[in-house]
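K.L.:
These are the residues of each chain, in order.
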Amino acid sequence: MTDHHHADHEHEHPTWTQYKWVAIVLTAITAVEVWIYYTPFKDSPLFVPVLLIMSAVKFAIVVLFYMHLKYDHKLFKALFTGPLIIAMCTIMALLFLFKKLSI
Amino acid sequence: MATASADHAHEHVHYTTTGLDHRKIAIWAFIGSECMLFASLISTYLIYKGRSIVGPFPHEAWTSPSGQKFNAILNIPVTSMSTFVLLMSSLAMVLALAAVENRGKPGYVGTALGNSKLWLAATALLGATFLGFQAFEFTSFVHEGLTIKTNLFGSSFFTLTGFHGAHVTVGVLWLLTLLAIDFKRGLTPKDALIVDICALYWHFVDVVWIAIFTLVYLIK
Chain G
10 MTDHHHADHE HEHPTWTQYK WVAIVLTAIT AVEVWIYYTP FKDSPLFVPV
60 LLIMSAVKFA IVVLFYMHLK YDHKLFKALF TGPLIIAMCT IMALLFLFKK
110 LSI
Chain F
5 MATASADHAH EHVHYTTTGL DHRKIAIWAF IGSECMLFAS LISTYLIYKG
55 RSIVGPFPHE AWTSPSGQKF NAILNIPVTS MSTFVLLMSS LAMVLALAAV
105 ENRGKPGYVG TALGNSKLWL AATALLGATF LGFQAFEFTS FVHEGLTIKT
155 NLFGSSFFTL TGFHGAHVTV GVLWLLTLLA IDFKRGLTPK DALIVDICAL
205 YWHFVDVVWI AIFTLVYLIK
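If you read the sequences in order, they're chains G and F. Residue 103 in this note's numbering is what sits at position 94 of the first sequence, and the numbering runs on without skipping anything. Residue 139 in this note's numbering is what sits at position 135 of the second sequence, and the numbering runs on without skipping anything.
These are calculated hints, taken from the structure and not from any lab test. Using N, Cα and C, we set each Cβ at its ideal position, and we do this for glycine too. There's no promise every hint is true.
Claimed, not checked - Listed next, the stretches of chain F that the computed footprint assigns to chain G, with coverage defined by at least 3 CB atoms under 8 Å from CB atoms of chain G: (1) 28-34; (2) 41-48; (3) 88-102; (4) 134-146.
Said to hold, decoys possible - Interface residues of chain F toward chain G, partial, derived using beta-carbon atoms under 7 Å: (5) Leu-24; (6) Ile-51; (7) Val-82; (8) Ser-84; (9) Leu-222; (10) Ile-223.
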């Protein structure tokens with residue numbers, strides 16, 4: 010197994026310091042998300058886009074560093090991003106179909 | 005003897021056309037399919053959002069025709085805590101994987117960082133805590149008059165978060181299985197792949213919650 014198995018596992022991984030900073034950043038973004046929920050900013054038209062961006066950043070950080078996709082084989086990247094794009098397109102298409110979004 | 009030896013060697017050799025272990029390809033393909041499952045559940049929730057005829061509602065108070073008053077049902081402080089707990093469980097999970105991968109290496113021997121049992125147990129405990137928060141939330145919703153058949157919000161909310169909770173439950177059981185193996189014979193760097201596969205599933209459950217927390221709880 011060794012060659013193949015090690016090919017999977019001897020790729021670069023984030024260090025403990027990086028893991029710690031990722032956790033701090035994720036916690037900080039979550040704190041900001043909850044904080045703005047209780048401020049007058051929640052009535053702003055920018056509230057939803059800002060929340061979506063922060064959520065997307067958290068999503069990307071976990072996938073890239075904790076799931077170490079940033080350091081992994083391109084096949085794994087394709088296996089995840091392909092269905093993810095289909096999933097996003099499905100959500101958008103259904104929201105348009107049911108008139109939850111409009112152009 | 006020679007045959008037994010050859011069989012033993014065969015157990016540990018997995019030649020693949022891609023050069024990648026099939027189990028890891030399988031878990032990524034599974035995670036990809038799970039993306040589409042949760043996309044359908046999230047879409048359903050968003051489509052039905054705001055279309056409930058009767059309350060309770062997620063973000064607004066409601067008075068029924070009979071005069072009964074219902075508060076906005078979502079409890080953001082409690083859910084924020086459970087979100088934090090799940091994020092910390094992901095940190096514990098990466099530390100568990102690092103402990104297994106680096107077993108015996110300088111900086112890991114005899115330190116907390118090298119204690120895979122500690123981090124696997126911490127991850128399982130944090131996951132179970134998240135489930136406890138969810139059980140508390142579901143119970144309080146039912147007491148406040150929201151069940152899966154009360155209105156469209158209840159149906160789509162309980163289906164979406166219930167599916168996620170079921171995934172967390174599977175993850176906790178998986179982690180406890182790895183913990184039992186670690187206690188029984190000790191996980192070594194050769195076992196890193198089986199821990200990595202569990203870790204990928206666990207982080208995926210975490211990223212799904214990141215999306216649910218924003219779309220369901222924070223966006224009105």
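K.L.:
Between the stretch 88-102 of chain F and chain G, see if three or more residues pass the 8 Å beta-carbon test, and mark the coverage as holds or violated.
P.N.:
holds (count 9)
K.L.:
Can the stretch 28-34 of chain F be counted as covered by chain G under the rule of three residues or more with Cβ-Cβ separation shorter than 8 Å?
P.N.:
Contact hint for the stretch 28-34 of chain F vs chain G: holds, 4 residues under 8 Å.
K.L.:
Quick one, is the Ile-223(F) hint okay against chain G at 7 Å, beta carbons?
P.N.:
holds, 6 Å
K.L.:
Tell me whether the statement that chain G covers the stretch 134-146 of chain F is true, taking a Cβ distance below 8 Å and needing three residues at minimum.
P.N.:
violated (count 0)
K.L.:
For the hint on Leu-24(F), just tell me whether its beta-carbon gets within less than 7 Å of chain G.
P.N.:
Given a least distance of 6 Å, the restraint on Leu-24(F) holds.
K.L.:
With 7 Å as the cut and Cβ atoms as the points, is Ile-51(F) at the interface with chain G?
P.N.:
holds, 4 Å
K.L.:
For the restraint on Val-82(F), tell me whether the closest CB of chain G is nearer than 7 Å.
P.N.:
violated, 11 Å
K.L.:
When the nearest CB of chain G is found for Leu-222(F), is that gap smaller than 7 Å?
P.N.:
holds, 5 Å
K.L.:
Do three or more residues from the stretch 41-48 of chain F put their C-beta atoms closer than 8 Å to C-beta atoms of chain G?
P.N.:
It holds: at least three residues are needed, and the stretch 41-48 of chain F offers 5 whose Cβ sits within less than 8 Å of chain G.
K.L.:
Should the interface hint for Ser-84(F) be scored as holding, given a Cβ-Cβ cut-off of 7 Å against chain G?
P.N.:
holds, 5 Å
Hints 4 and 7, counting from the list given before, are not met by this structure.
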